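Novice: Kindly generate the complete structure, drawing on both the sequences and the hints.
Going down the list, the protein sequences come from chains S and X.
Heads up: the first sequence begins at 1 in my numbering, then just goes up one per residue.
Heads up: the second sequence begins at 303 in my numbering, then just goes up one per residue.
Since the hints were derived computationally from the structure, they do not count as laboratory data.
Owing to the predicted nature of the structure, the values given are computational and were not obtained by experimental measurement.
Nothing false has been slipped in among the hints.
Sample of chain S residues with no beta-carbon within 12 Å of chain X, all distances over it, derived: (1) D64; (2) D77; (3) S105; (4) L254.
Computed spacing ranges between beta-carbons, pair by pair: (5) X:A400 to S:E218: 35 to 43 Å; (6) S:D159 to X:S577: 35 to 43 Å; (7) X:R436 to S:H261: 48 to 56 Å; (8) X:E536 to S:L87: 38 to 46 Å; (9) S:K55 to X:S895: 42 to 50 Å; (10) X:T719 to S:L87: 34 to 42 Å; (11) X:L348 to S:H261: 21 to 29 Å; (12) X:E536 to S:G4: 13 to 21 Å; (13) X:H503 to S:P57: 51 to 59 Å.
Heads up, simulated EDC-like pairs for lysine to aspartate or glutamate below, C-alpha to C-alpha not over 16 Å straight-line: (14) X:K642 to X:D811; (15) S:K176 to X:E900; (16) X:K642 to X:E809; (17) X:K803 to X:E814; (18) X:K666 to X:E676; (19) S:K176 to X:D901.
Heads up, the beta-carbon is just placed ideally off N, CA and C, and yes, glycines get one too.
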Amino acid sequence: MNSGLSPHLRRLESESIFILREVVAEFARPVMLYSIGKDSSVMLHLALKAFYPSKPPFPLLHVDTTWKFKEMIAFRDEAARHAGMDLLVYINKEGLKRGISPIASGSSVHTQVMKTEGLRQALDLWRFDAAFGGARRDEEKSRAKERIFSHRSATHAWDPRNQRPELWQLFNTRIKDGESMRVFPLSNWTELDVWDYILAEEIPVVPLYFAKERPVIERDGTLIMVDDERLPLREGEIPCLESVRFRTLGCYPLTGAIPSHAATLPDIIAEMRASKTSERQGRLIDHDESGSMEKKKREGYF
Amino acid sequence: MLKILPSYPLPLSKEHPLPTLRLLTCGSVDDGKSTLIGRLLFEQNLIPDDQLAALERDSRRHGTDGDNIDFALLVDGLEAEREQGITIDVAYRYVATARRSFIIADTPGHEQYTRNMATGASGADLAILLIDARKGLLTQTCRHASIVSMMGIRHVVLAINKIDLIGYDREGFEKIVADFHTFAASLDFATLLPIPLSARHGDNISLKSVKTPWYGGPSLLDYLETIDVSEGREGEPFRFAVQWVNRPHLDFRGFSGTIASGTIHPGDEVVVAGSGRSSRITRIVTAGGDLSRASAGEAVTLTLVDEIDVSRGDILCGPKNRPEVSDQFAAHLIWMDDHKLLPGRSYLMKTGARTVPVSVTALKHRLAVDTLAELPAETLTLNESGFCHLAATAPIAFDPYKQNHATGAFILIDRVTNATAAAGMIVHGLRRAAHIHLQGLSLSKHDHSRIKHHKPAVLWFTGLSGAGKSTIANLVESRLHSYGVHTILLDGDNMRHGLNKDLGFTEADRVENIRRIGEVAKLMVEAGLVALCSFISPFRAERAMVRDLLGPGEFIEIFVDTPLETCMARDPKGLYKKALAGEIKNFTGIDQSYEPPEDPELIVARGAESAGQAASRVAAFLVEHQIIDRFETGALEDWSI
Ligand SMILES: Nc1nc2c(ncn2[C@@H]2O[C@H](COP(=O)(O)OP(=O)(O)O)[C@@H](O)[C@H]2O)c(=O)[nH]1
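Specialist: Structure representation (structure tokens):
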């Protein structure tokens with residue numbers, strides 16, 4: 001299989017496929033959280049491989065905060081169509097009504113309401129008992145200890161005091177009524193593994209990952225792309241065209257671009273190998289407060 | 303047997319690039335484990351600038367090394383979280399050098415944490431055992447070494463750290479190596495390499511140190527980058543656990559799974575280990591196209607020539623060298639739950655893609671991990687390990703763990719809390735089971751019940767003492783009897799005074815009590831009877847065990863749900879009074895818990911329902927479910943009490 005893949009990627013790939021199949025075999029209503037980024041692209045690609053010639057027997061779910069880059073939404077719809085899978089899009093309407101936005105409410109309230117609460121509402125609405133997420137353990141210190149199968153109570157709470165040990169590939173998938181499982185098939189992948197795999201398998205990703213001239217402003221030391229007219233410009237802020245790309249993708253006012261000329265996959269990989277900053281630096285939500293990731297996780301954010 | 307590697311040249315692989323190395327680091331608190339990992343990341347230039355800047359800041363504030371960078375701060379956190387009570391068993395770190403990728407499982411060194419080490423060790427290819435050169439071999443090191451060996455890790459690096467603090471002394475180093483050799487002689491490692499290290503100063507980490515000219519071996523990293531741990535799994539007997547039946551449409555039926563060991567080709571004969579049915583492989587399907595060969599580690603989908611019965615959990619193997627098939631076997635257990643092991647209690651066992659109920663039939667001994675002594679034991683508590691016999695409710699296919707980790711490992715799951723209670727490693731099958739089965743009853747329970755005009759069943763009444771179980775059961779029985787149904791009533795009086803008179807009321811004895819009753823009830827069902835069982839039976843797991851003993855629809859759980867206050871007010875035998883006065887210990891509802899059924903067939907006596915009404919509903923249930931066919935339920939209404 002995949003004679004083109006290194007033994008390292010091959011091992012990661014079959015481990016992820018094993019996890020995907022295990023969930024489908026053991027849960028009644030799985031769903032894949034599809035957040036449009038590179039990790040989601042890889043996870044979807046692995047799902048297509050895991051169940052072939054069947055289609056992955058679960059839908060995709062996108063919890064839309066309404067502040068994603070336009071290119072992300074276009075990519076999402078095309079990816080689902082290409083995979084031939086159902087795409088569920090959930091928006092926390094009640095949050096919108098309350099006027100929650102990254103600009104008016106700040107990044108942490110916006111993420112809490114539109115993403116964390118939105119996700120819980122969506123999971124309750126469709127009564128999913130297992131949800132795949134694309135998180136990796138190397139993303140952040142606190143994730144290093146996250147389980148591959150992470151148990152959630154009926155109220156979606158994560159209880160870090162009561163986690164199940166994971167031995168071999170023998171995942172304990174038992175849950176009681178109303179409880180659910182978050183499952184991370186990419187747990188053991190690193191950022192570089194993800195890019196190497198995208199290159200080797202020719203997996204499509206959102207064009208925003210590649211450098212291009214884009215209208216940006218510099219705000220608090222971060223380059224923010226002006227994706228639509230909703231971003232209020234402060235005095236003296238004039239968007240100018242710069243060659244930038246994104247290392248991670250989220251809501252556009254919360255995601256910092258990096259100056260770059262890496263316009264192809266090999267360029268990106270070369271840039272990453274030389275790079276000496278960590279991946280989440282561009283994500284404003286993580287800087288909010290220290291230990292913030294740990295806190296978000298307990299509340300149900302991925 | 304143990305082979306200490308003297309020096310270069312080592313049996314290193316020429317194949318490049320080598321597959322990912324999964325390794326486990328273990329050491330006591332402050333041996334320098336975090337410093338070692340941090341140092342390795344730093345020397346490999348793998349610390350991002352923003353993190354390095356933060357590290358320099360933190361080192362000045364919290365560091366233990368003056369103005370120098372304290373590498374421990376980079377990866378620390380496990381101990382702190384342990385203090386907050388967070389379950390931290392393993393943290394995973396990812397390191398890729400130019401030559402190889404590593405997944406490092408890092409476990410906290412606290413002495414209680416056998417469970418964590420076992421978790422990190424499962425799936426690891428190599429273990430680094432840290433030793434503080436000043437302290438030498440500690441109990442802790444011995445404990446780590448024996449867990450590593452029990453978990454089947456074959457390659458060990460003995461990292462003798464802080465060698466700077468003993469002045470890079472060769473004799474000190476060699477003494478520790480000799481001590482370890484003595485201890486580990488009986489452990490089963492394929493290779494063992496001792497390295498003198500200073501994690502703080504970087505001696506022998508990436509590069510060989512000039513301060514240890516007497517050391518002839520490789521630097522730590524050099525060794526890790528080049529050791530070959532593959533052990534030829536591709537050449538071993540074929541094993542494939544069916545994970546998922548792939549059925550996109552009527553013309554395709556494939557079996558998806560990951561090859562645990564061996565190699566296959568289209569045309570090869572395969573056998574379903576459990577049933578012995580055989581067929582041939584037609585295709586090895588993957589999304590990238592069909593394969594002409596697939597081997598250990600690959601996730602594939604197989605199609606077979608014949609439509610034989612194969613489902614999730616089955617193991618496909620070659621016609622020769624098949625796995626053992628048995629419902630009884632001996633295994634090592636490492637206990638991981640706060641609730642101790644109760645021999646006789648029913649747990650769920652997950653092995654490969656199968657989950658079956660099992661119970662421990664005999665605990666042979668507990669292992670003192672620091673001395674390797676075998677001690678007698680009645681239970682295992684958190685972090686203890688032992689050797690025991692287990693019985694499953696159905697035969698399973700397995701290999702000894704030593705031969706094949708994928709088909710010899712299992713976990714036990716608590717049926718009530720769903721916690722992962724233990725890790726297990728099968729040592730060998732027990733033949734006893736096979737002999738008993740040979741006696742196979744020639745008259746089945748259906749033959750027995752056919753000459754009666756009803757089906758066999760167990761009516762299991764559970765509830766608190768004084769809830770009315772026996773009263774209701776008696777009413778139901780006398781009515782069934784008058785109607786010609788063959789019944790028997792089992793209750794505390796006839797069981798505790800005879801078969802179970804050796805048992806008391808501790809948790810363990812209660813488990814055994816119900817197990818025996820369950821077996822008796824099963825015999826009654828085999829004789830074609832309706833057995834009415836009236837027992838407090840406080841624990842869900844035991845009731846589930848009895849349910850598993852019986853066929854579908856044969857176990858009817860009836861929850862007599864009288865509130866505790868009512869039972870205490872009734873107190874027909876004065877038992878609550880005595881229990882409250884402390885004269886009776888382990889009394890259900892007072893100082894021992896009652897776990898109400900989650901999904902019983904019937905709930906009776908709730909609210910103001912009388913025993914007569916309850917009995918009527920039990921009878922109606924039996925009619926509705928066709929246990930008994932002709933019954934004038936109306937006639938029951940006038941039973942009252
Ligand atoms: N002199 C010396 N000190 C060390 C060495 N390795 C670790 N230390 C120190 O030992 C202490 C405990 O180290 P740490 O890595 O936190 O231990 P852990 O609990 O095993 O993770 C720290 O103060 C380290 O700086 C070494 O090789 N030489």
